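Dock chains B, C and D against the given chain A, drawing on the hints supplied.
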Amino acid sequence: MLDSYVPILIFVLIVLGLVGALVALSFVLGPSKPFRRKLAPYESGIIPETPAMRRLSVRFYLTAMLFIIFDVEAVFFYPWAVLLRQLKWFGLIEMLVFMGILLVALAHIWRKGGLDWE
Amino acid sequence: MGKNILTTTLGKLIGWGRGNSVWPAQFGLACCAIEMIHTATASVDIGRFGSEAMRASPRQSDLMIVSGRVSQKMAPILRTIYDQMPEPKWVISMGACASTGGVFNNYALLQGVDKIVPVDVYVPGCPPRPEDLLNALMILQERIKAQGILPRT
Amino acid sequence: MIRQDLIVERGVSAGDEWVTVESGSIRDALAELKNEGFRLLVFLTCVDHLVDGSRTWPARFELVYQLRNMETREELRVRTFVDGDPPHVDSVHDMFPPANWDERETYDLFGVVFNDHPDLTRILMPDDWVGHPLRRDYPVGGEVVEFSEEHERWQTAPDRA
Amino acid sequence: MATSTEGMSITRTGETGAFGGELLTVNFGPHHPSTHGVLRLIVDLDGEQIRSIKPVIGYLHTGIEKQAEALRWQQAVVVTDRHDYLSPPINNLAYALAVEKLMGVEVPPRAQALRVIMSELTRISSHLVWLGTSGIELGAMSILMYCFRERDTVLAMNEEISGFRMHTSYIRPGGVMADATPRFLEMLDRFTREMPLHIDEYEELLTMNPIWRARTIGIGRLSPEDARVLGASGPMIRGSGIPWDLRKTRPYSGYESYDFEVATSDACDCYGRYLIRIKEMREAVKILRQALDRLPDGPVNVDDRKMLPPPREELETSMEAVIHHFKLFTEGYSVPPGDVYVAVESGRGENGCYVVSDGTHKPRRVKFRSASFVNLQALERMALNHMIADMVAIIGTADTVLGDVDR
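Residue numbers (the numbering used here), protein chains in the order written: chain A, 1 to 118; chain B, 1 to 153; chain C, 1 to 161; chain D, 1 to 407.
What the hints contain is simulated information worked out from the structure, not anything from laboratory work.
Note that this is a predicted model, so its numbers are computed, not measured.
Among these hints, one or two may not hold up.
[Claimed, not checked] Dumping the calculated DSBU-like pairs for lysine-lysine here, alpha-carbon to alpha-carbon at most 35 Å: (1) A:38 <-> D:54; (2) D:248 <-> D:286; (3) B:12 <-> A:38; (4) A:33 <-> B:89; (5) C:34 <-> D:279; (6) D:248 <-> D:306; (7) B:12 <-> A:33; (8) D:306 <-> D:327; (9) D:248 <-> D:279; (10) B:12 <-> B:115; (11) D:54 <-> D:279; (12) A:38 <-> B:89; (13) D:248 <-> C:34; (14) B:145 <-> A:38; (15) A:33 <-> B:115; (16) A:38 <-> B:115; (17) B:115 <-> B:89; (18) D:362 <-> D:327; (19) B:145 <-> B:12; (20) C:34 <-> D:54; (21) D:362 <-> B:115; (22) B:145 <-> B:115; (23) B:89 <-> B:145; (24) D:54 <-> B:89; (25) A:33 <-> B:145; (26) D:248 <-> D:362; (27) D:54 <-> B:115; (28) B:12 <-> B:89; (29) D:362 <-> D:306.
In isolation and in its complexed conformation, chain A is listed as follows (with noise of 0.2 Å):
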């Protein structure tokens, strides 16, 4: 049962041992020299003084939770995709509900203006 997963050992392996291979090579063949001013933060040639780290403003965090949750929703199409053929019309008839629910709580944020930015 196991042997179906060979191949996708044999391929993590070779991506390890390429991305090890190549970091390793450009720490050892390439020159490196650190300081200070190198280090600090890049804003258009003029180093700040205070960190930029700052308190955001919370339509960022509203928008990340709604990627979030049709993000996630999406996911389970994959899976479902990929079993459609055995699942016949049961399936179908599944996701469309999954959805429609999904699509509700789309119209009751859009009518309630959590989609637009100002």
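Leaving out everything else, chains B, C and D in the frame of chain A:
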């Protein structure tokens, strides 16, 4: 690493890799910047030499083309940008104003950018033709290919 | 056009009309001209008449206000002469918004102080620059060109050249 | 070397924004791909909204006015080329007209026509650089390649007539540098036929492009009163519905004899100014066509020996020619005392030259009234409460050249 058959061929390989993918920082100051854009567009295509990707931030670029006149107010900023570029880095001083202060020998300009950053190739002209900048880039590429493996620190 | 008592001198130079006004009454003169339709201040600058033999100048610094009437397309140049170290004159940034940066540049390059200007700081030169470059007694600077006949004069001020 | 750190660093103010987040002070600094030069804007951001802008300029200050005072009258032409490096012949024209007005000299008609040709060619090449760079900043990558392909043909024409691609120094006090060669006239003829087709290509790329329209319509609004009060000029004032074009209102160098329309639009936003500049390119081609068809023949320089060197062959025969030649190239000519202001219409707006002469062979004061310096002040009023991404479109539409701003 001593000089033996392995490191020289590796050095040639590294030099070839670095030389053919020199990414310039988009450091357009004055009139030479317009000619630099000409070099990047279709008629004289710098993309054939691997330098098409003019990066906006110094973090991703390894060649600074100082194209234009450097005023006294801009000098510390130019030095900061040069410091923030990762090693190995090179500088092309494009145009007479960047190389020697050019037409303006007065209080406001830095008489030559080599007063604050080490320059590898100077390009004469005010502004130089796009082909001159291409020639300077090819000279720089020969020099990079000859460098091979650079010392670690 | 404007009240006679304000005008010190009037003339035409190479086709351009100009009027000289006392430096103290520059605001009233410009306010009057603005009511008459000269609503656009094309530019404001200063001319340094140190060691200038072409005419006897009442003072060293000559401030030049170029006004334009967009409807009748007339132009008028208002001059005023100021002296002193640093020379003082009233700011007109509230009547003509473009004057804001022009005055900062004139302060930066000539050292003319405009009273009650909101933010009279250097605009072109670095903030800690010493001296006002466009004055005639400020050397042109830059590097001395070897073997040039102006080798010595290049560095020294004009009146001591 | 003055390493000023005070003016360089930024401190973050702590006021709170509209939705509780703190204002973030961001440095839209001198080394930035989309500021059309080394402009620095200290921007206070509330989330993505701009609350306040403080432009800091001077990073390309070249002391051109001081340099002009140290050069002789005919040498200063070289310096006038380089402050607005997108329209060098138009700067020369302003300086040349000013000196000629002081000397009381009139240029022969053929020189006036050649000056109009070079000014219109420069206007097209300046608008092409604006269109290319503004397009690529808003994501339209291919428009840059198209625009700079046409600009190469204009630069080839510059090189044909004056031997130099960009800073031609072609227009000088007393006339022009050299007569137009037949090859130049043939290139100009082909250019005036092909250019309208190329402009159609740009319009197909951008005018109906939904992304371009979404990024420019309604952005950078400048009302007619603001434009008039702030002294904006060029496409900035014509974009707000005021048809003020110096070639029509105060004609110079024979512009009154050409018929062309002043491109205005009362859309007051970036899209209106984009349409204006496209229309201005079409009008410039029309002027070039008329100038080429009616190019008068005759001398191209004033025959005033005091001002311009005598032709070479005369040097062998006449003694006066040698004396004039010697005096001109050692001391140069002197201009009668006085001051004059001449304004010409450049691609950006009103580029004027105020010249003061004290009778010696060097100018006492040369002041360039630069259109970008004044249009930049309108930036604060246009960009308030816009998003930071629209800031890029607004800097683009102001079409400021930082060499022109800092002189």
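Tested hints:
Only pairs whose Cα atoms come within 35 Å are accepted, and residue 38 (chain A) paired with residue 54 (chain D) is accepted, the gap being roughly 27 Å. Restraint check: the Cα-Cα separation between residue 248 (chain D) and residue 286 (chain D) comes to about 15 Å, which is no more than 35 Å; the hinted pair holds. The suggested pairing of residue 12 (chain B) with residue 38 (chain A) holds, with an alpha-carbon distance near 29 Å, which does not exceed 35 Å. Of the pairs offered as hints, the one joining residue 33 (chain A) and residue 89 (chain B) holds, with about 11 Å between alpha carbons and a cut-off of 35 Å not exceeded.
Proximity of residue 34 (chain C) to residue 279 (chain D) is assessed by CA-CA distance (about 34 Å); at most 35 Å being required, the pair is judged to hold. Proposed proximity of residue 248 (chain D) and residue 306 (chain D) is supported: the alpha carbons are some 33 Å apart, at most 35 Å. In summary, the hint linking residue 12 (chain B) to residue 33 (chain A) is supported, as the alpha carbons are separated by about 23 Å, within the 35 Å threshold. Between residue 306 (chain D) and residue 327 (chain D) the CA atoms are separated by roughly 9 Å; this keeps the pair inside 35 Å, and the hint holds.
Note on residue 248 (chain D) and residue 279 (chain D): the hinted pairing holds, with a Cα-Cα distance of about 16 Å set against a maximum of 35 Å. For the given pair, residue 12 (chain B) sits about 32 Å from residue 115 (chain B) by alpha-carbon distance, which is consistent with the 35 Å threshold. Between residue 54 (chain D) and residue 279 (chain D) the CA atoms are separated by roughly 33 Å; this keeps the pair inside 35 Å, and the hint holds. A distance of roughly 13 Å separates the Cα atoms of residue 38 (chain A) and residue 89 (chain B); the hinted pair therefore holds under the 35 Å criterion.
At most 35 Å may separate the alpha-carbon atoms for a hinted pair to count; residue 248 (chain D) and residue 34 (chain C) meet this at roughly 24 Å. A distance of roughly 26 Å separates the Cα atoms of residue 145 (chain B) and residue 38 (chain A); the hinted pair therefore holds under the 35 Å criterion. Of the pairs offered as hints, the one joining residue 33 (chain A) and residue 115 (chain B) holds, with about 21 Å between alpha carbons and a cut-off of 35 Å not exceeded. Pair hint residue 38 (chain A) plus residue 115 (chain B) holds up; C-alpha atoms about 19 Å apart against a cutoff of 35 Å.
For the hint linking residue 115 (chain B) to residue 89 (chain B), the alpha-carbon distance of about 17 Å falls within 35 Å, and the restraint holds. Straight-line distance between C-alpha atoms of residue 362 (chain D) and residue 327 (chain D) comes to about 14 Å, which keeps the hinted pair within the 35 Å bound. Under the criterion of a C-alpha separation no larger than 35 Å, the hint pairing residue 145 (chain B) with residue 12 (chain B) is consistent with the structure, at around 7 Å. For the given pair, residue 34 (chain C) sits about 28 Å from residue 54 (chain D) by alpha-carbon distance, which is consistent with the 35 Å threshold.
Proximity of residue 362 (chain D) to residue 115 (chain B) is assessed by CA-CA distance (about 31 Å); at most 35 Å being required, the pair is judged to hold. Proximity of residue 145 (chain B) to residue 115 (chain B) is assessed by CA-CA distance (about 26 Å); at most 35 Å being required, the pair is judged to hold. For the proposed pair residue 89 (chain B) and residue 145 (chain B), the alpha carbon gap of about 14 Å is at most 35 Å, so the pair holds. A distance of roughly 33 Å separates the Cα atoms of residue 54 (chain D) and residue 89 (chain B); the hinted pair therefore holds under the 35 Å criterion.
Simply put, residue 33 (chain A) and residue 145 (chain B) have alpha-carbon atoms about 21 Å apart, close enough for the 35 Å limit, and the pair holds. Under the criterion of a C-alpha separation no larger than 35 Å, the hint pairing residue 248 (chain D) with residue 362 (chain D) is consistent with the structure, at around 33 Å. Only pairs whose Cα atoms come within 35 Å are accepted, and residue 54 (chain D) paired with residue 115 (chain B) is accepted, the gap being roughly 31 Å. With a C-alpha separation of about 18 Å, the suggested pairing of residue 12 (chain B) with residue 89 (chain B) holds against the 35 Å cut-off.
Restraint check for residue 362 (chain D) and residue 306 (chain D): the C-alpha separation of about 15 Å stays at or below 35 Å, so the hint holds.
In summary, the structure agrees with every hint in the numbered list given earlier.
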